[in-house]
Amino acid sequence: MSPGFTARGRAIRLESIVKRWDDTVALDQVHIDVAPGSFTALLGPSGCGKSTLLRIVAGLEQASAGRVMIGEEDVTDRPADKRDLSMVFQSYALFPHLSVAENIIFGLRTRGVKRSERQARLERVAHLLGLEALLERKPSALSGGQQQRVALGRAVIAERSICLMDEPLSNLDAKLRQTMRTELRALQRELGFTMLYVTHDQVEAITMADRVVLMNAGRVEQAATPTELYERPATTFAARFIGTPPMNLIPAAAFGQAGLRLERALGVAVQVGIRPEAMHPAHGAGTFEMRVTGVEYLGADALVQGRIGEAPAQMRVPGHAMPEVGSTVAVSVAADEFHVFDAGTGARLATPDPASLLARTGFSVATRGAEAPVINQRTP
Amino acid sequence: MLSRQWIHGWLLLLPALAFIFLFTHIPAITTIWNSFQSTPRGRRPSQFVGLDNYERLIGDPVFWKVLVNNLWFALGTIPVSIALSIAMALFVNRAFAGRSLVRMAYFTPTVLPLIAVANIWLFFYTPGFGLIDQVLGAFGRGQSNLLGSPDTALGAIIVVSIWKEAGFFMIFYLAALQAIPPQLAEAARIEGAGGWTIFRRITFPMMMPTTLFVSVNAVINAFRLVDHIFILTGGGPDNASSLLLYYIYETSFRFWDTAYGATLTVVMLALLGLFAIGQFFLFDRKVHYK
Chain A
1 MSPGFTARGR AIRLESIVKR WDDTVALDQV HIDVAPGSFT ALLGPSGCGK
51 STLLRIVAGL EQASAGRVMI GEEDVTDRPA DKRDLSMVFQ SYALFPHLSV
101 AENIIFGLRT RGVKRSERQA RLERVAHLLG LEALLERKPS ALSGGQQQRV
151 ALGRAVIAER SICLMDEPLS NLDAKLRQTM RTELRALQRE LGFTMLYVTH
201 DQVEAITMAD RVVLMNAGRV EQAATPTELY ERPATTFAAR FIGTPPMNLI
251 PAAAFGQAGL RLERALGVAV QVGIRPEAMH PAHGAGTFEM RVTGVEYLGA
301 DALVQGRIGE APAQMRVPGH AMPEVGSTVA VSVAADEFHV FDAGTGARLA
351 TPDPASLLAR TGFSVATRGA EAPVINQRTP
Chain B
1001 MLSRQWIHGW LLLLPALAFI FLFTHIPAIT TIWNSFQSTP RGRRPSQFVG
1051 LDNYERLIGD PVFWKVLVNN LWFALGTIPV SIALSIAMAL FVNRAFAGRS
1101 LVRMAYFTPT VLPLIAVANI WLFFYTPGFG LIDQVLGAFG RGQSNLLGSP
1151 DTALGAIIVV SIWKEAGFFM IFYLAALQAI PPQLAEAARI EGAGGWTIFR
1201 RITFPMMMPT TLFVSVNAVI NAFRLVDHIF ILTGGGPDNA SSLLLYYIYE
1251 TSFRFWDTAY GATLTVVMLA LLGLFAIGQF FLFDRKVHYK
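Each protein sequence line maps, in turn, to chains A and B.
Throughout the first sequence, residue numbering follows my numbering, covering 1 to 380 in sequence.
Throughout the second sequence, residue numbering follows my numbering, covering 1001 to 1290 in sequence.
Extracted from the complex, chain A is given alone in its bound form (with noise of 0.2 Å):
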């Protein structure tokens, strides 16, 4: 905690949220936790309702059923100005007309801050956020990631135990996004409020929260610490869309006999998720061969197209070790890479010694090597 910055964050928990236009259900049932001084984020792609989300908690729509706690109130009624949060907006929402000073203390003076008071606080907000050379200027006149530190500013001043934040960065060139994003952590670290992000790029959630909502279609898929979503996807959803390129997934037919027999061991049609940079060129036999159509060669490593049975998939292989097009590689894969999805559901079939299922089934899986997957941090 930095010395005159006092706020606590306070949890909030989401019970049973519904929001429906007429006919169209934008939220179906969500349960959300959110721990004290989190960094929670709320991941889905455009469309899923994580805006809407975040706008019930702030309090500008109304649920059309459910309960909004916040610390250990119901909130669910009330104002916006009475939920004693801050909200950082998509396009930041400054006022134009107003000095950037003006602009960070406009909250103080609605709520009837005395002056020596407001100047204090400015002063050590604009020192935390390094707007004190920029503090007469009016908005037009700042570039994107200034006027994205001011509206940061304003939504700290007061000193709120919750800070929610509606895609901040994406209006940032991709360069300042990855600063704000260390900075944007740092800020929440320091000042201990409790932040719910709404972003729909992985790379952002996974790097800047303790633990993602992945949301889609109005629910959510799955929430769980960004290593858990990474190595445990809950469903075909979660694996698809985190991770770049995204989780092969295979219909289990397509590794002829050992597929049918492991469809056979778990009684249910699956199809069988592995993720590209899970998969290794073998040296010997390997788990199972690909066919190569085609090679994306993107400096560091490369990607490889394929085809396994007829199923198509990629593979991530070191730059400087291409297979050549056309060629057939056998791949080896270590047995707690595979993971298992119900095809018809798409939930994750849970599989508690992944191993000796696999050798019963007739897959030769490599046992795990030097050679550990890391989560792809490239950004896009």
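Honestly, I wouldn't trust all of these hints.
Stated by the list, open to error - With the Cβ distance kept under 7 Å, some of the chain A side facing chain B (calculated, not the full set): (1) 60; (2) 75; (3) 80; (4) 297.
Worth flagging that the hints you see were computed from the coordinates, not collected in a lab.
Quantities reported herein were computed from a predicted structural model and do not represent experimental measurements.
Each residue gets a CB set at the ideal place from its N, CA and C atoms; glycine is no exception.
Could you slot chain B onto chain A? The hints should help.
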């Protein structure tokens, strides 16, 4: 080649240039020139009289009367119609059933021909059986003659003008309101601002360019009004409801004192110019253009 382009350029400009000279610049210069001449009468051609016309104007009690009338008229119509138009724009900017119907109703006075408007109000004001007297009569009040008495004639015309102008200005304010991103109000709401604070600190300041535009137009309109007076009062009684332009009209085209009419016109143009410049300076620091 270069000179050919030059000719083409002027040829393309010519139609517009001809019209602007024919209808704006030449009449303006002729008017100023005429104000230093005497009015030609019969066989006597006009002759240069210097500032005689301006001296006559300073000594003309009717001129001062209509000028004062006009100032009262401007003061009575402009602030009220602007306030009213903002209120109407705010009202029809929110979503409610029948919104477009209300918008249309507000805008109708602007669409109606001026003569029709004046006649409608003439009926409202008619002593005895006009709408106002019928309503007043229901409460046991006697007849009134709003247009006919010197004390109320100008006020009655002010009311008509507000009714006519407010709907027109509302359109501009509605456009300005819709250009303000809704996130600004939401951000202010989260920061604890109520409806009035949002209006005072965000909505109204952000509509300042519109307010400047509307107020310049309102001033011009206030000095341009002639048709309502023509129908409603004819400037009477005893010039109580006569305004500057109506006086110019009467002088020039009823009494055919064209030189004096030109003098009055020059004075009015100078006044309008001063007002417009003054407004720009007055508003300058308050107006924020994006």
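Cross-check of the supplied hints:
no. : hint : result
1   : 60   : 5 Å, holds
2   : 75   : 13 Å, violated
3   : 80   : 5 Å, holds
4   : 297  : 43 Å, violated
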